[in-house]
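Residues per chain, in single letters:
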Amino acid sequence: MRQYILRRLLIAGPSLLGISLVLFTVLALAPGDPFSDLATNPNVPPEVALALRAKFGLDDPVYLRYLHWLAAMAHGDWGFSFVSRVNVDTLILQRLPTTLYVIGSSQLLALLIAIPIGVYAATRPYSLFDQIANTFAFIGFSLPTFFTGILFILIFSIKLDWLPFVYSTDISGTGLARLGEEIRQAIMPVMVLALFQAASLTRFVRSAMLDVIRLDYVTTARAKGLGQRRVIITHVMRNAMIPVVTLIALQIPAVFGGAIVTEQIFRIPGIGSLLISSILSNDTPVVMAVTFVFACLVVFFNLVADVLYGWLDPRISLR
Amino acid sequence: MAPLLEIKSLKTHFATDDGIVQAVDGVDITIDKGETLCVVGESGCGKTVTAMSILKLIAMPPGRIVEGEILFQGRDLVQLTSSELDDVRAKEIGFIFQEPMTSLNPVLTIGEQIAESLRRHEGLSRKDALLRTVEMLKLVQIPNAEARVHDYPHQFSGGMRQRVVIAMALACKPKLVIADEPTTALDVTIQAQILDLLQDMKERFGMAVMLITHAMGVVAETAQRVAVMYAGKIVEEAGVDRLFAHPGHPYTQGLIRSIPRIDLDSKHRGRLETIGGSVPILINPAPGCRFAPRCRYAMSICTEAEPALREIAPGHRMACHLGEAP
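Chains as they are written, first to last, in our numbering: chain G, 1 to 319; chain U, 1 to 326.
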């Protein structure tokens, strides 16, 4: 098992390197950089603009710029945001916790909804419960988050006035009151993301369970008189979770993508809204850093999935 | 003495899109304490469904026990709920499945899988269950049992897995073991070893065995009594010697003639006989004897009236119009 995890870790390094190369090249090919405004600014003399460009190596060939970036990253230097006038890493560290908090809770909530419902529905397929669960799941993933987000704001903030619809970073107060406010303002974005995730996960959990429930070893387990509960939990669920883990790992990039939209809707000062604003202002170092952080998170969650696999299925870790 | 297991006119039907499949349609079987009964018949004749019905292991729905009683030590298992049956499963009646490659859970060690029934039925602690498991593995002759108890099913060969399945079925020392084609998926040399092992276990624990098979060779080697099934019904039942010496039903005769003979010299060996045709579809079967379309002795009565199971000699029953008093 330890060797298996080690091997997965060794693969993660080169994949990150590959990803960073692709990201950097694509960004370099895109028009615009932090100094492109200088060329049209009448207050800046052309020779000053050129000198600045030369100083930051903006007109070097792509591979040289990439190597510069890589060398700087290796020293822990993430670059400087010319728009915000702060280091990129401080900027990201300010924003990342909020995003992880919102996405993490929504994923957790999605699992807490999807697994029990999917498992229960699979134990009595085509029952009333199963039909209702299926219908809701279908509605759930047919509605995009930007629609449900606005719908939620309309209902819970404007009509009922229960929840704030703008996420604020400077909450006054301390202790429990502050914590309560933090939770209150996260409810809507978390719900919007979680319901969308839970919808497709429920259907997937259900079908994975149904695939396993028919297998011979489940009949063997029943023949041992273990009782429905134990048969379902130890024999069916453990095997059915293997494809579910795959799906969750594969969906992580989409979850971050979806979070960008949700962050915009609820004005959450997360890493997604940072990405949007830096793209709009041509803040290339920030764009590069944020996309790279996304890549790191995706690679990390894949790693977690691989480890979970090895734990769930002994045939994988022993090979 | 009352028999250990008595199945009375059991009917198990399955609802399908094409209609009701009458997979088991009025089966009577009795097994005495310590006896080996073989149930033979070709694929699709309802052997497995009969066996699975005893512990309600068939998928319900679409399956349904429509009629009949299954008396085990005087208690009707058909009336029990699935959770009441859990006390009978493995504890009183053990089940050995056909396919050792798929009948073990791939993500649990074999030790965990054997121990869980010991813990459920005998209330053993984790440690005691492990000790008993190792003991069982030694009994079924798995070498190096202390270490292998922690291995996963994929680390065993087919024959070894079937030994594990046997250890699992016998762990709680049931009074009856149902073995559903335990050797079909194995190669010939392993088949003989597994049959010997079953025989050995039966003598050691004094349990009754219901062995389901389609191989007449297996029947001759292991059975005391034989029940021949055809299309969801018992067509003949007799002691094993009697059945091989005086097979009464044309279907049984056909089965026995289709065994390759190596005891005859080549002059007398002809082409191996077969029974022409195939098993009928059990949705709305035609009236009369279900074997009639394939029977070389079929008479007009055979397509009109269903023959009843009647005693033709002491302990020998058969369902055929042949030799009936007119």
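The hints are simulated quantities; they were obtained by calculation from the structure and are not laboratory data.
All C-beta atoms, glycine included, are put in the ideal place defined by N, C-alpha and C.
Worth double-checking, as some hints may not be accurate.
[To be verified] Which residues of chain G face chain U? A partial, calculated answer using Cβ under 8 angstroms: (1) Thr-25; (2) Ala-28; (3) Lys-159; (4) Asp-161; (5) Leu-163; (6) Pro-164; (7) Arg-184; (8) Asp-216; (9) His-235; (10) Gly-310.
[Claimed, not checked] In the SDA-like style, the derived pairs of lysine to any residue whose C-alpha atoms are separated by at most 25 angstroms in a straight line are: (11) U:Lys-175 to G:Arg-124; (12) U:Lys-138 to G:Thr-25; (13) U:Lys-127 to G:Arg-230; (14) U:Lys-91 to G:Gly-227; (15) U:Lys-175 to G:Gly-227; (16) U:Lys-173 to G:Phe-292; (17) U:Lys-56 to G:Ile-213; (18) U:Lys-56 to G:Asp-216; (19) U:Lys-56 to G:Val-245; (20) U:Lys-56 to G:Ile-5; (21) U:Lys-56 to G:Arg-229; (22) U:Lys-127 to G:Leu-215; (23) U:Lys-173 to G:Arg-124; (24) U:Lys-175 to G:Gln-228; (25) U:Lys-91 to G:Ser-127; (26) U:Lys-56 to G:Ser-105; (27) U:Lys-138 to U:Gly-206; (28) U:Lys-91 to G:Arg-230; (29) U:Lys-56 to G:Gln-228; (30) U:Lys-138 to U:Pro-61; (31) U:Lys-173 to G:Ser-127; (32) U:Lys-56 to G:Gly-227; (33) U:Lys-8 to U:Leu-186; (34) U:Lys-173 to G:Arg-230; (35) U:Lys-91 to G:Leu-10; (36) U:Lys-56 to G:Gln-251; (37) U:Lys-56 to G:Arg-230; (38) U:Lys-202 to G:Arg-229; (39) U:Lys-127 to G:Ile-213.
Query - Enumerated hints in conflict with the structure, sorted upward - result: 1, 2, 3, 4, 5, 6, 7, 10, 11, 12, 16, 19, 20, 22, 23, 25, 26, 30, 31, 33, 35, 36, 38, 39
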